[in-house]
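Number of protein chains: 2
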Amino acid sequence: MKTLTVELAERSYPIYIGQELLSRSELYNKHIRGKQVLIVTNTTVAPLYLETVEAALTDYTVERVILPDGEEYKTLQTLDLIMTALLEKRLDRSVTLIALGGGVIGDMTGFAAACYQRGVDFIQIPTTLLSQVDSSVGGKTAVNHPLGKNMIGAFYQPRCVIADIDTLNTLDDQQLSAGLAEVIKYGILGNRTFFEWQEAQMKNLIGREPDALSYAIERSCQDKADVVTQDERESGVRALLNLGHTFGHAIESGMGYGQWLHGEAVAVGMVMAMDLSERSGWVTKEDTQRVITLIEQANLPTKAPAELSVERMLDLMSVDKKASQGMIRFVLAKSIGETVMTSNYDKNLLVETLTACRQT
Amino acid sequence: MKTLTVELAERSYPIYIGQELLSRSELYNKHIRGKQVLIVTNTTVAPLYLETVEAALTDYTVERVILPDGEEYKTLQTLDLIMTALLEKRLDRSVTLIALGGGVIGDMTGFAAACYQRGVDFIQIPTTLLSQVDSSVGGKTAVNHPLGKNMIGAFYQPRCVIADIDTLNTLDDQQLSAGLAEVIKYGILGNRTFFEWQEAQMKNLIGREPDALSYAIERSCQDKADVVTQDERESGVRALLNLGHTFGHAIESGMGYGQWLHGEAVAVGMVMAMDLSERSGWVTKEDTQRVITLIEQANLPTKAPAELSVERMLDLMSVDKKASQGMIRFVLAKSIGETVMTSNYDKNLLVETLTACRQT
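Protein chains in written order, with my numbering: chain A, 1 to 360; chain B, 1 to 360.
One or more hints might be untrue.
Because identical chains cannot be distinguished in the list, a pair is counted as satisfied if it fits within a single copy or across any two copies.
[Unchecked claim] Quick list of in silico lysine-lysine cross-link-like pairs, DSBU-like style, CA-CA up to 30 Å:
hint	residue 1	residue 2
1	Lys203	Lys89
2	Lys347	Lys203
3	Lys347	Lys89
4	Lys35	Lys347
5	Lys303	Lys2
6	Lys30	Lys89
7	Lys35	Lys203
8	Lys285	Lys89
Since the hints were made in silico from the structure, they are not lab data.
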């Protein structure tokens, strides 16, 4: 087992990465301060791992909420269901929430923990590659609004993250690929060496080779933790983690949440970011092609769906929260491994990018 | 104009107290960082003060949301309306929310500011005595859940509070009295001198004498600010501010939100706290009687409604968030001006108190 620490003064917390972690009681016991636990999970994950987690929590009163599975349920209405469960079961301020599932469960449970009685403890057990490498690190919690993704939320840190690689064995191929999109992101945005390692290892990653997956998760979490430590509330450098996300959110939201996986949308968004950077004369055609090739090897899409017109994409992006004072800001690349947040690009080139990176 | 400061390191903010403040542009301009403002108010307050506030905001793009008036609208559903307005009007992270109204508007707008895009600026303009003396200080924001009051919320500080005493001229007598309940609370919980000043001044307070009101607001805000500075997130001494509130919340929730005013319920709750303290042998019969007399002079109720049985009150209080690990904890008095948070009382005496302090 590897242990990383996200350094955030009194809000610092460990990330445990390894195999057979779900059943290790001592990992939970170290981080639960009260006697009550509420496990929040969904109908897909519950039959696979709920029993194992409950068996490890012998020292506590354990309650559970099993939600429907899918991004389309990441809403204020589902948050209300968690709140109702907390209150009906009479769980008080000393309760610890455990998020058992992917990014949707993690984001929503984290936000529920941030809001319930103005803040209670929570633990993340991410069970998808996407949530292990990304959404479990950094304390961003939220639900979606019909008019925009993650528009209602809080910065709120877990007490610990338990990333058990064995849970990836039950993940389908499409979900695994979606997680790899975020792994690829960490290479492009600030770590060229890691990008090159991925070019060499993509076959092993797709083949679920444990050592390769373990290193990819560790490296991604560490890179993200380093950024979050510098800028917890995203007033500066943390915004770079949104590489591909402004484009990606528009695709997710335009298609209706749950139709495209987050990682798939981000994959296309990264291609768009590279394309716009190339058109702006900042990166070479070769760099863009290397990114496209790696994304294709990860079995991810590289073009936006034909259903979304260029006008619709522009419209959707202008409500994305990365827009500041009316201008759409993007994370663009100077090279593979070096990115900047900017609104200093030619708007005509943006239209060209949206046109070129769209299925016809 | 008086200026108090709530000292909370980088979250410190001023409270301006005085007359004719709503129209003073410079008070707003000092605290608004972007160019966009959303005023959140209700159907009662909008016709009275919205125009004055908008006229002072000439330097900004001003949008507005006018909500229905009443505690029964302090819900996740109404929060969703504010979020929809923010997104439909394309307001971004640089927006400042202005809460123009009483405690319900303040709590809900503050929570909306805490959650929108994970946190934007907000300014409080409390227009009731209750919100001027209490809910505008300390950063507690929340909405209610059908199973409990203020169960969903955040600790989130405003950029400033503008308490314009002139707005109290349009407040009805019942609302004025409800505000006085919290003023009385500050005397009982930690400031015997202030309690005695109120005994001498209650006639002037009920008569809306500006100097008396101004001093009462100032003193209450300062007393609260002193407590909040010591304990922002209520892990210790701040809990004393809940004097009368565990009982009071049960009355509000049991009767259905909006049926009893918060201040009225807290008034009864303070009588119950004194009664239980007296039965426990901690305060004298005379002290309890002085509190009852002052509450009566403020035209406030001193007994719970007959509709709520003792069993129902006990049941309602056990889900209140002041319950810890199953035991109901109360703020009880050692004397007027000295209170403690405790679960160390005889449960039979609690039943006696609930029986004695109930209308028959």
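Checklist line | Within, between, both or neither, where Lys203 and Lys89 count as close if Cα-Cα is 30 Å or less | finding: neither (47 Å within a copy, 47 Å between copies)
Margin query: One pair to classify: Lys347 and Lys89, alpha carbons no more than 30 Å apart. Within, between, both, or neither?
Written below: Between copies only: 23 Å across chains, 54 Å inside a chain, cut-off 30 Å.
Next item on the list: Pop the pair Lys303 and Lys2 into one bin, within, between, both or neither, using alpha-carbon distances up to 30 Å.
Entry: Neither: 36 Å inside a chain and 60 Å across chains, both beyond 30 Å.
Checklist line | Identical-chain pair category, Lys347 with Lys203, by Cα at 30 Å | finding: neither (38 Å within a copy, 67 Å between copies)
Check: Under a CA distance limit of 30 Å, which applies to Lys285 and Lys89: within one copy, between copies, both, or neither?
Finding: neither (58 Å within a copy, 39 Å between copies)
Check: Under a CA distance limit of 30 Å, which applies to Lys30 and Lys89: within one copy, between copies, both, or neither?
Finding: within (24 Å within a copy, 46 Å between copies)
Item checked: Alpha-carbon proximity context of Lys35 and Lys347, limit 30 Å -> For Lys35 and Lys347, only the inter-copy Cα distance (23 Å) is at most 30 Å; the intra-copy one is 56 Å.
Item checked: Intra- versus inter-subunit Cα pairing at 30 Å for Lys35 with Lys203 -> neither (45 Å within a copy, 50 Å between copies)
Figure legend: structure checked against the earlier numbered hints; hints not met, in rising order: 1, 2, 5, 7 and 8.
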